[in-house]
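Visitor: Chain by chain, the residues run as shown.
Number of protein chains: 2
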Amino acid sequence: MSIDSEILTAMRRAGDAGTSGAELAQKLGVTRAAVWARIEELRALGYEIEASPLHGYRLRNTPDVLHADDLLSRLWRTTKVIGRDIRVFQETTSTNDVAEKLARDDVKEGVVVFAEAQTKGRGRLGRAWLSLQGKGLWFSVLLRPALRPQAATQLTVAAAAAVCRAICSQTGLTASVKWPNDILLGGKKVAGILTELSAELDHIKYVILGIGVNVNLTLTDFPVELRRIGTSIQMEQGRSANRAELAVALIRELDADYARVCDGRFTAVADEWEQCCATLGKSVHVLIGRRTIDGRAESLDEDGALLVRTQHGRLERITGGDVTLAK
Amino acid sequence: MSIDSEILTAMRRAGDAGTSGAELAQKLGVTRAAVWARIEELRALGYEIEASPLHGYRLRNTPDVLHADDLLSRLWRTTKVIGRDIRVFQETTSTNDVAEKLARDDVKEGVVVFAEAQTKGRGRLGRAWLSLQGKGLWFSVLLRPALRPQAATQLTVAAAAAVCRAICSQTGLTASVKWPNDILLGGKKVAGILTELSAELDHIKYVILGIGVNVNLTLTDFPVELRRIGTSIQMEQGRSANRAELAVALIRELDADYARVCDGRFTAVADEWEQCCATLGKSVHVLIGRRTIDGRAESLDEDGALLVRTQHGRLERITGGDVTLAK
Chain A
62 MSIDSEILTA
72 MRRAGDAGTS
82 GAELAQKLGV
92 TRAAVWARIE
102 ELRALGYEIE
112 ASPLHGYRLR
122 NTPDVLHADD
132 LLSRLWRTTK
142 VIGRDIRVFQ
152 ETTSTNDVAE
162 KLARDDVKEG
172 VVVFAEAQTK
182 GRGRLGRAWL
192 SLQGKGLWFS
202 VLLRPALRPQ
212 AATQLTVAAA
222 AAVCRAICSQ
232 TGLTASVKWP
242 NDILLGGKKV
252 AGILTELSAE
262 LDHIKYVILG
272 IGVNVNLTLT
282 DFPVELRRIG
292 TSIQMEQGRS
302 ANRAELAVAL
312 IRELDADYAR
322 VCDGRFTAVA
332 DEWEQCCATL
342 GKSVHVLIGR
352 RTIDGRAESL
362 DEDGALLVRT
372 QHGRLERITG
382 GDVTLAK
Chain B
62 MSIDSEILTA
72 MRRAGDAGTS
82 GAELAQKLGV
92 TRAAVWARIE
102 ELRALGYEIE
112 ASPLHGYRLR
122 NTPDVLHADD
132 LLSRLWRTTK
142 VIGRDIRVFQ
152 ETTSTNDVAE
162 KLARDDVKEG
172 VVVFAEAQTK
182 GRGRLGRAWL
192 SLQGKGLWFS
202 VLLRPALRPQ
212 AATQLTVAAA
222 AAVCRAICSQ
232 TGLTASVKWP
242 NDILLGGKKV
252 AGILTELSAE
262 LDHIKYVILG
272 IGVNVNLTLT
282 DFPVELRRIG
292 TSIQMEQGRS
302 ANRAELAVAL
312 IRELDADYAR
322 VCDGRFTAVA
332 DEWEQCCATL
342 GKSVHVLIGR
352 RTIDGRAESL
362 DEDGALLVRT
372 QHGRLERITG
382 GDVTLAK
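So the protein lines, in turn, are chains A and B.
Heads up, my numbering is the position in the first sequence plus 61, with the first residue counted as 1.
Heads up, my numbering is the position in the second sequence plus 61, with the first residue counted as 1.
Only chain A is shown next, with the shape it has when bound in the complex (with noise of 0.2 Å):
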């Protein structure tokens, strides 16, 4: 933990009472010159911290900006696995890349990457991800799931489930999720999931869960080709939404819903998923490559594949493809 979250930290706990440099000082093992610096830092990213006699340090305002030491600040060591590190990149092609040269370096599964940006975020089957400067939450999770390849689609439902979970208590909006990685509001895509894994045969060696949310988008900021389909927390509530807050709350919901996958609790992670899921029980109309398969959305199977009966009564066990709701 670094003496800027540290400091983060003490100030939000303190609140209204505020905190005063000699405290701070004492409890970071620094000088109260140190701490005086640090705290001119946080100000100059855009933190307002209020400094009287009376009270000493008040943090009255924080930024809408990603900050690793902010972010872990918040989380202060609430979750397991994910979220213990966090990494914000101003711009980068995609932190799938990113998070994918951190697995190759034996980083520690668990930590999280952030960009501001993305120059090349991408989506399912190598498809664009409009990834705008400072409107949304582009970031990747690192992973090493004792699972077999197969039961990676596990992890998308976990991570479907925890985002609808973090959008919802953040904002009382209800989202859903649309079989297996686009989450809807108002039946519009307002966020989605790139479950990547490198594997053998019988064994994950890791996996990176892309997960990006519009929050801040306006309609403006889709292309046109876009403004049908996709949407953001912004639009849909009427007002904007604080990044960080929001961004604690989806590493809080994904930490507990891997604990449970992990711990081969799976079908209490599935149950979950099926209450917030908009393909189950609805016809739909399935393109695997050239292949289609039209039928009724079942259930989900242990590995969380999506369980489709066809018209003839034969049921299809769906791993991928583009899933849609018949008209």
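Watch out, some of these pointers could steer you wrong.
Identical copies look the same in the list; a pair holds intra-copy or inter-copy alike.
Unchecked claim - Here are the simulated lysine-lysine pairs, DSS-like style, with alpha carbons at most 25 Å apart:
#1 239 to 266
#2 266 to 249
#3 141 to 169
#4 181 to 141
#5 181 to 162
No wet-lab data here; the hints were simulated from the structure.
All values reported here derive from a predicted model rather than from experimental measurement.
Assemble the complex: chain A is given as a structure, and chain B must be docked to it using the hints.
Guide: Only chain B this time, still in chain A's reference frame:
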């Protein structure tokens, strides 16, 4: 195709009749002096090239080294995908690492990476693979098949069958396969296959097939603890084998089987595989993590998974783990 490849190909085609410097120069569009310089380079590598006024150049003997231009010359565009691009390293950590780097750099599928020695050769589940300088074929093939991740076992099965056929055609020895990835001679391991993949949930991005063949190792090359379970072609046939010829046979067989997998003719591959399988029809003991399954190995399913009938009559689908023949 490089000039060295062209010169070696022309000399091989001419055989005892030989080919003159003038003919070579014209064919390659270079000067006779340039041809002479390349011949000298080949000689420096250990190629015995006879030069006479009557016959021109005649290739008399080739050294036991792996030389990319020579391998390309021997293959002479007879394969469709695998081995159109060959790279040879004197030493590397693991050829799978090199192939993975090429994959990320968007190199075309089919590239084959050989190393004379690997300092960190690996087998399944991170186990070490002995890769002594010049004693074997340690190589990796980059593939980009349009398969689902769970179908990657098809490639391991295809590669195992291809390795058996190549060993048989080059040595007359009958190799057998222990599912999924071990090749045996006389019941001992002579070769192994490590399949590593990078994927999205429903879509393989690339597969690296790592193949190690113990060609000219002697008993004392093996650490004591491996002497009971490992062997080499030289040990089994009582004399050394030409690695370049075996490499070419391997690449041809791999290319043929890869074409069959890509064309959806995996059943034909599986049928051949069953001919050389040491596992099917046998009582087996399977260890998957901490779980064990005992039963009779019945067949392969369409994805290449092993179907084992337990004592209780249940059919278990095995996609990994350690399979040993029951005593």
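Visitor: Hints the structure violates: just list their numbers, smallest first.
Guide: When the structure is compared with the hints, numbers 2, 4 turn out to be violated.
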